[in-house]
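Chain W is fixed; fit chain L onto it per the hints.
So the protein sequences, as listed, match chains W and L.
If you count the first sequence from 1, you need to add 2 to reach the numbering used here.
If you count the second sequence from 1, you need to add 15 to reach the numbering used here.
Certain hints may be false.
Here chain L is said to cover these stretches of chain W; the calculated rule only asks that three of the stretch's residues, wherever they fall, bring their Cβ under 8 Å from a Cβ of chain L [as the list claims (entries may be wrong)]:
id	stretch
1	198-204
2	230-238
3	251-257
4	269-276
In case anyone wonders, no lab produced these hints; they're calculated from the structure.
Only a predicted model underlies this, so the values are computations on that prediction, with no experimental measurement involved.
Note that CB positions come from ideal geometry on N, CA and C, so glycine has one too.
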Amino acid sequence: MTTTNGAVREPLLEIEALQLHFKTRSGIVQAVDGVDFQLPRNEATVIIGESGCGKSSLAKAILRLLPRNVHDFSGRVELGGEDVMLLNDEEYRRHVRWKRISMVPQAAMNALNPVLRVGEQVAEPAVVHLGLSKDEGLQRALETFAQVGVPADFLHRYAFELSGGMRQRAIIAMALLTDPDLVVLDEPTSALDVLTQANIMNLLKRVKKESNTSFILITHDIATSSELADNVAVMYAGQIVEVGDAASFFEEPLHPYSQKLMASVPRLSGGDELEFITGQPPSLINPPTGCRFAERCPARFDKCDQEPPIFYKGERWVKCWLHE
Amino acid sequence: MTSTTLGPIPVALASPSIPVVDPDAPLLSVRDLRVWYELKRWGFAHAGDVRAVDGVSFDVARGESLAVVGESGCGKSSLMKAILGLNTPTAGQILFDGRDVSALRKGDLKWFRSQVGYVQQDPFGALPTFMNVKRILEEPLIINGVDDPVERQARIEQALIEVKMSPPAEWLPKFPHMLSGGQQQRVVIARSMILGPKLLVADEPVSMLDASVRVEILKILRKLQEEHNLAVVYITHDLSTVRYFSEHIFVMYAGRIAEMAKVDDILDDASHPYTLALLSASSDPDARNALVQREVPPGEPPSLVHPPAGCRFNPRCAFAMEGVCDEREPPTVEIKDEHLVHCWLYDKEVMGDRPLGVPARKELVDGKPL
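Pulled out of the complex, with its shape left as it was, chain W reads as follows (with noise of 0.2 Å):
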């Protein structure tokens, strides 16, 4: 990978031929059926996706967070050039998971424990995972709760007497401490009121300018998802059907999926007619062999119905006949 001045691109998540299926009563459910994408370092990726397609369960997949019922949990994720999933899942959990990759869940403001003063909580990944002792931990959440923008007296204070934008601080705050070189988040602004939301993603944008960490950000929200990326990964389905730059990706989706999902964003500034898709996205227990978009594509043809093979654009890529 290269940028546009010419400096090599060190990618800092390597993810190929990634799958996660499930057994449920009706069947085998695809959930991660194939993804490939790479993260470079010190640059955020939005994955976009409607639900349903997948997205949280390629964030548990890539944290290991895996559920029981787990059918098929295989494919390559190197993170920094070493392959995470050669490990068990103690030695995960040990060197990898919070030590250099932690995560901010869905509904992240619920997640704290309601009988816990948040400073405890906030502090123990740097007990249990960098072995600080617990007044080292809480000096650390401290620094970390300056950074996010957390009043310092609130480490003393119960979830309930925080706002839900400082519950969502304060969890971001947990997933920083351990300075770790990938956060994934996952929706972490949908639960929240618009001021908050563009305070939260503020934040964000000025962390990842002022630390080394990358980010992962899943969400179905698009323009949301405008105010942080430098790539976009648009998933369907289970799988990734398209990566690009966020200039390039915005100003022209390349997929017919990507280019739909972008016609159906409201405006502010009004203009052209909304449009939307029609039709289900397909069942992931028994997902259509080729293109899974093809049932609702308007561009369809012949060639649809072979599975596409990634097609490369320059830095960009898509699996979609049409850019043969």
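Using the frame of chain W, we list chain L on its own:
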């Protein structure tokens, strides 16, 4: 298919006492509405009031769509419940077709409920899980005295076709859990339309849906509104959907109206500092967004038990003037035809020689380079 349309149900069945109304008068008229919730200490002693809605007035004409925009806790849900007759106003009046909603009893109340449709935010929560689509849509008709099963069936089918669920026969036997979120919301809309209402109250009807479905639902609502000359009160926190759906809009903050205008005037020419903050915080998809810090007012919305004196936004406002904004209620200034702003920055006397309004508005909305 019969040629039944979703007209109002027969008057004789609907209301025992329909008054003669002026067709040019507003359909819904809210006059200085206050909805306060009493706080009690020890279960009986008065300990203050939560002033959820505190002096709100507006009109909705027949066939007009009005958007109410505000953050959670600004009082928009209390306002909606009062309009639906679920909350009794503490003070002020809500007139529907010239009749005071809170004074309606029994038969008149039933008539009122048949005239006002309600589209809930969470479609799955709003549909009874143990009823199929047919039963869900049939119940309001049975309750309101449509005794002929053939007519009921025709109305149900018509309602489903209007929300683009055709052929109806395919959907009638389905239960809510068998439908996707968008389909559930369409059933909710069909139910709200089945009695042929004149007013629809839509409470964030698309906020729980995916982007691609959202547009479809908004288009269905828009079409129904135009075809049936429906008045719609559209409650939302999302400014970006407003332009596609409503003609008029007001922005609510801490129980009061901050700014009221035509939608285009608000989006292109927002004038209240709070509206500007909302606009600055919302964005269209654009890679350049990642390069700016948004201008967000500090702090949080105030307590509605002890709201700040003067303008309720003054503690967070970058342009607050000491001795004015924190002491005196802001005036209502009509800065343009039908464009009302409740803000001292537009008061000629207070501003004196200084230019009226918020300085550097465009920079404020665009944000600061990171």
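Going through the hints against the structure:
For a cut-off of 8 Å, the count of residues in the stretch 198-204 of chain W with a CB near a CB of chain L stands at 5, and the three-residue condition holds. With 3 residues carrying a beta carbon less than 8 Å from a beta carbon of chain L, the stretch 230-238 of chain W meets the three-residue requirement, and the given coverage holds. Chain L is given as covering the stretch 251-257 of chain W, and this holds because 3 residues of the stretch bring a CB closer than 8 Å to a CB of that chain, at least three being needed. For a cut-off of 8 Å, the count of residues in the stretch 269-276 of chain W with a CB near a CB of chain L stands at 5, and the three-residue condition holds.
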